[in-house]
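Asker: Add chain B to chain A, keeping to what the hints say.
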Amino acid sequence: MRGTRKIRTAAALLSVFAVVSAACGRSATTSTSASPTGGGTTELPTTTTPGTQPVDKITWALYRETASLDPIYAFDYPENTVLSVLCEQLLRQAPDGTIGDGLASLDYPDPTTMVFTLKDGVTFWDGNPLTPEDVVFSLERNTDAALGGFYGATFSRVKSIEATGSNQVTIDLTEPDFWLAGELASTPGWIVEKAYVESKGKDFGTSAGGTMCTGAYEVGTWKPGEGLNVVRNDSYWNPDVKPLVNEIDFIGASDEASMTSGMLTGDINGVYSFSLSTLDQLKQSSAVTVTTGPGWNTDAFIVSSFAGALGDARVRQALSMALDRQGIIDQIYKGAAQIPKSLSPPGTFGYGRDVFQQAYDALPDLSGSLDDAKKLVQEAGAEGQTITIGMSSELANLATEAGAYQAAAEAIGLKAKLKSVSAANYINFFIDPAAREGIDGFFTTNYGDYADPAGLLGTLVMPDGSQNYSGYSNQQVTDLMNAARAEPDETKRAQDVADAQTIIMQDMPWIPNAFPNSTRISSSNLTGAVASFAYMFAPWADQLGGTG
Amino acid sequence: MLVATLLVSSFVIFGALYLAPGNPIAVLSGGRTLPPESVAVLEERFHLNDPFFPRYASWVGGVVHGDFGYSIAHRQDVSTLIASRIWTTAELVLYASLLILSIGIGLGLLSGLTRGATDTGVLVTTAVSAAIPAFVASIVLTLIFAVKLGWFPTQRNGVGFLDQVHHLTLPAFALAISSLAIVARVTRAAVREEFGREHVQTATSRGIPYRKLVRRHVLRNAAIPITTISGITVASLIAVAAVVERAFGLNGLGAYLVAAAASKDFAVVQGISLVLVAAFVLVNVLVDVLYAVLDPRVRLGARAQ
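So the protein lines, in turn, are chains A and B. Residue 3 is where the first sequence starts when you use our numbering, and the numbers rise one by one after that. Residue 496 is where the second sequence starts when you use our numbering, and the numbers rise one by one after that.
Chain A on its own, in the form it takes in the complex (with noise of 0.2 Å):
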């Protein structure tokens, strides 16, 4: 019962905060954010409006603290948020997910072989120029299993990289992998220095050791527990690029209603953030402006296992059918959410958007009756069977969930157990096969390393998949997923996928419950940071400037 007594104690804060808040009434007639907010596929914009006057200095909040700034060991916002200012890749990342040229431009001789030909004057923050020896060096890093990185299966079917000439070089595939670009431009493709690397040895991306890279900010002065400072390159290699603000202190605010003050009181100028419990509060503020993006991660139910009720697809359908989606969109993500249809967000439509925005809207909803969906459990033979869902009642979100799905549970005729860890061992529910057992799934905000929906769908409809717990494996979306791997024409890969999404669909391996959208919130006279989820990847703050 701790657990549920620790959540109390969270509400109970909660709600005097509002409450004082409330009476200290610092703003609530005059709102100014643009807020669009609510259910449906809307089209949100990728980016807002660019900056115009400079700004000397601005604080930028992270979740926790950053803790290394070595590309290899990134996987979570407070690392790829700072990195993306700092470092690029060879390809990058627009806003809307098209990936372009980023220090190379990229040719694909045959389908095995991968020519990348880098910049002229591309220069490290140190002066000295990027060779094909600093890329080799930087993508092998993840292949190395001494250093341990977290990206080493990105590169399964790479043979081999190589600098093939002066301002070249080339990977060479064992077969056709369209996967791989996106990957390149996304964490395992960022490019450091190699001498700068190797004189740094274990220090590096430590805040000892720092790290070097191409960007348009680099790095200050970094104290662990003060944060973490970056300044204006003014000698970056691109001159069409020239950042308005000349430094940004990216500092950790583990604490909600601690964040929340600060950014009415312009402590703090800015956060990317999803499901903020105070994000109302915030929109009623003239000090703070709220922008929605689209939002690349995928808010969903993992059906862990097949053994139990959940097993028949017909179920795992009802379940999904009697889901009040809207109630875990209003609840968690104070409306800043979009119903899905699919397990891929049309934010991840960064190519083949066309295709894959017919083959979206074609989808059926996937919200329905309580009659039919009684009814499949009835054909299920699955009446009066139980679930149970693995969740964690010291975190509020997670609770949310569980109670919305213990509802559409019992709703359909089946019977629904929670079975809660603790907050710290959630996480084991992703990693542990002896945590699952006894679950029939358990909830997750997933979300793939790049604007394609193959790259998240890959990880749990492929036998092979990373987070397939299930087992789940149906040769026809195997077989897609593999043609669309092999496909260099974007438009038959596109197709490809959504055709594997749309049979994906039927069996529901996961069950989708929000598209999360990407929320910036910032002090209101800056604009120009990249709105949609392309800031983890790509650099958000070349526009940003002050307002007028």
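Bear in mind the hints are in silico, worked out from the structure with no lab data behind them. Careful, some of the hints might be misleading.
Using 30 Å as the maximum straight-line C-alpha spacing, the simulated DSS-like pairs for lysine-lysine come out as follows [as the list claims (entries may be wrong)]: (1) A:Lys-196 to A:Lys-225; (2) B:Lys-643 to A:Lys-285; (3) A:Lys-204 to A:Lys-244; (4) A:Lys-59 to B:Lys-643; (5) A:Lys-225 to A:Lys-121; (6) A:Lys-225 to A:Lys-202.
With beta-carbon atoms standing in for the labels, derived distance ranges [claimed, not checked]: (7) A:Asp-509 to B:Pro-628: 19 to 25 Å; (8) B:Pro-628 to A:Lys-244: 48 to 54 Å; (9) A:Asn-240 to B:Arg-540: 35 to 41 Å; (10) A:Lys-417 to B:Leu-593: 58 to 64 Å; (11) A:Thr-51 to B:Ile-727: 53 to 59 Å; (12) B:His-661 to A:Asn-248: 39 to 45 Å; (13) A:Thr-51 to B:Arg-540: 28 to 34 Å; (14) A:Lys-417 to B:Gly-616: 58 to 64 Å; (15) A:Gly-370 to B:Pro-628: 33 to 39 Å; (16) B:Gly-601 to A:Gly-329: 51 to 57 Å; (17) A:Asp-78 to B:Leu-593: 35 to 41 Å; (18) A:Leu-149 to B:Thr-575: 55 to 61 Å.
Cβ atoms here follow ideal geometry from the backbone N, Cα and C, with glycine treated the same way.
Answerer: Quick look at chain B alone, frame taken from chain A:
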């Protein structure tokens, strides 16, 4: 005593974390599947597979030499990470202690030595503020003095002495408020009790001037319980500081302890816990020394009769 306490607590801290569930590697990899070679490398580097006693022995050996181990999450020495945060907590606790000692004892004396409205006012105020936990105080103070009035910042430590005082004022008050009230009430009670003692009444009847009476007979004797309660509250601030540090975005040890525990960064949790225990013990030693100064009957190292 100090060494024995630290040794026992180091064993308890290390043992508890050794038994705690959860795999640091899993947290490290963010749930991604790592190839077995990488896992082996990480386990080797962080000695995750060594048995308990060798690990404990090597940890204690390191701590003696100022080496608290290696943080998995930050890939840095724990001693460096602790050193960069310890002064925040020290300054915060010191600031709060000064508030408790000056305002708390001051109010207590004021209330104890006077009667009527002043006394009642202090009693009511302290009764209310004694019941305000630090996290509530943090929220309310932030809302009134930072968000509404804009007098104080809500985040970070500040640079330079004056700026730091500016940044730490709200947190220090949030931390001090309930302890301050308790110290005030105990001080008041102690002073009142001394006034009721026979020797004080005798002294009064002998016509000893009021000031001298208060200084020599009342305060001198009341000092012992006041020192005791002040010592206990100041020592307890070290633990409560975590709540306030989080609420004000300060980079202190307490907030870091919470963060490290959440990310299963065991070496950091062990290191900070040990530092906090050491600080707690040190404050208590200081209080013991003070007893001896205040009351010659107390001898250091003497056994209880």
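Asker: Checked against the structure, which of the hints given earlier come out wrong?
Answerer: 3, 5, 7, 12, 13, 15 and 18
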